[in-house]
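Trainee: The two chains are supplied separately, each in an independent frame; assemble them into the complex guided by the hints.
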Amino acid sequence: DSGVTQTPKHLITATGQRVTLRCSPRSGDLSVYWYQQSLDQGLQFLIQYYNGEERAKGNILERFSAQQFPDLHSELNLSSLELGDSALYFCASSVAGQGWTEAFFGQGTRLTVV
Amino acid sequence: DAKTTQPTSMDCAEGRAANLPCNHSTISGNEYVYWYRQIHSQGPQYIIHGLKNNETNEMASLIITEDRKSSTLILPHATLRDTAVYYCIVRSANFGNEKLTFGTGTRLTIIP
Numbered sequence: 001d002s003g004v005t006q007t008p009k010h011l012i013t014a015t016g017q018r019v020t021l022r023c024s025p026r027s028g029d030l031s032v033y034w035y036q037q038s039l040d041q042g043l044q045f046l047i048q049y050y051n052g053e054e055r056a057k058g059n060i061l062e063r064f065s066a067q068q069f070p071d072l073h074s075e076l077n078l079s080s081l082e083l084g085d086s087a088l089y090f091c092a093s094s095v096a097g098q099g100w101t102e103a104f105f106g107q108g109t110r111l112t113v114v
Numbered sequence: 001d002a003k004t005t006q007p008t009s010m011d012c013a014e015g016r017a018a019n020l021p022c023n024h025s026t027i028s029g030n031e032y033v034y035w036y037r038q039i040h041s042q043g044p045q046y047i048i049h050g051l052k053n054n055e056t057n058e059m060a061s062l063i064i065t066e067d068r069k070s071s072t073l074i075l076p077h078a079t080l081r082d083t084a085v086y087y088c089i090v091r092s093a094n095f096g097n098e099k100l101t102f103g104t105g106t107r108l109t110i111i112p
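Chains as they are written, first to last, in the working numbering: chain A, 1 to 114; chain B, 1 to 112.
Extracted from the complex, chain B is given alone in its bound form (with noise of 0.2 Å):
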């Protein structure tokens, strides 16, 4: 699976959009990138996938390059309780390599 890089931590201003960066340069064409988020130590949470289209649903929006070789997640008005870990992941569509491979995420974090 592709690798990607995140930073390590972000801060946002609740209310305002948050948007999170993510490149993964060596993404293949059959890979998916998808986004978690981990709540302090509970289970990480699906927010939204996409292949090449930018996608958006009624946690978030992900727009993904042209090139495919990085995306950013938003958050369009960030509330306290999006104060997360957020895991931007690569993850292969072949069958039997379904594995989501997580990396070191950012930290986002809210302020009132």
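Next up, chain A with everything else stripped away, as it sits in the complex (with noise of 0.2 Å):
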């Protein structure tokens, strides 16, 4: 168990519609990262927050977005699904601020867009 919790884990939803995931970070842990993954491109970086602000971007379509609440705890908020929005989304936590430290995951949220 890495201590991040990700609610939740199935999430089976229809094309236009908009869902919300959200991510528990380890407690202590000031950064969020969210991560896409799906069969044809791998892990790939949306976003992180630091202490409830945006630190860095990555490859984040305008319909999602995200934030980080004042407990630390975030959402991805995922709008006018498609059908290639279908993928595993992660959450990862670590400390910020310092870059030798290791990032957690959390066990992730399977979307399915129909």
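Calculated directly from the structure, the hints in this document are not laboratory data.
Built from N, CA and C at the ideal position, the CB exists for glycine as well.
There could be a bad hint or two in this list.
[Claimed, not checked] With the C-beta cut set under 7 Å, the calculated list includes, among others, these residues of chain A facing chain B: (1) Leu43; (2) Phe45; (3) Gln48; (4) Glu102.
Mentor: Below, the structure written as structure tokens:
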């Protein structure tokens, strides 16, 4: 158990809909990272938050947004869903500001868009 | 972040040492080498990391060449549970650039 909790574990929704994925980081970790893993793309970095502020941005679509709340949990919002958004979405957390530490990953949310 | 090159796949007999190579010829002085693995579709699992010295923990050893252009992850006594995709990642130590950039990794299969 990495200490990072993601909910829900599975999500099935229709095209055009909007969903919210939730991540609770390890106790004490200030940074949260979101990754997308689809069959043909591998693990793609989406976005990082540190203590409530956006820190780094990857290949995140404009239809996707994220935020980190004062209690440090994070939510990834996916809207106007398309079939191609079907993927595993992972959240990771780490102690920020120290590049030598490891990031711990949650078990992911499997999103299926039908 | 520096790019890494890994073999697509490798096999190793159970009980033997598994040696996974990684090339990172463009690594810069403040970039660390990290290894993660992903078993089936689980979340990636941290294995080990290093800057320039060899490192060992309860899971594996990391050997980094003196010029830091390549490294080898060693699983000393591979078991069937070590079958996974192994990712070698070079990660900046700069504040604000801590993200991990995953490549395609090496699919390691442990053979009974």
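Trainee: With reference to the structure, classify each hint as holding or not holding.
Mentor: Going through the hints against the structure:
{"no.": "1", "hint": "Leu43", "in the structure": "holds (4 Å)"}
{"no.": "2", "hint": "Phe45", "in the structure": "holds (5 Å)"}
{"no.": "3", "hint": "Gln48", "in the structure": "holds (6 Å)"}
{"no.": "4", "hint": "Glu102", "in the structure": "holds (4 Å)"}
Hint violations for this structure: none, all hints satisfied.
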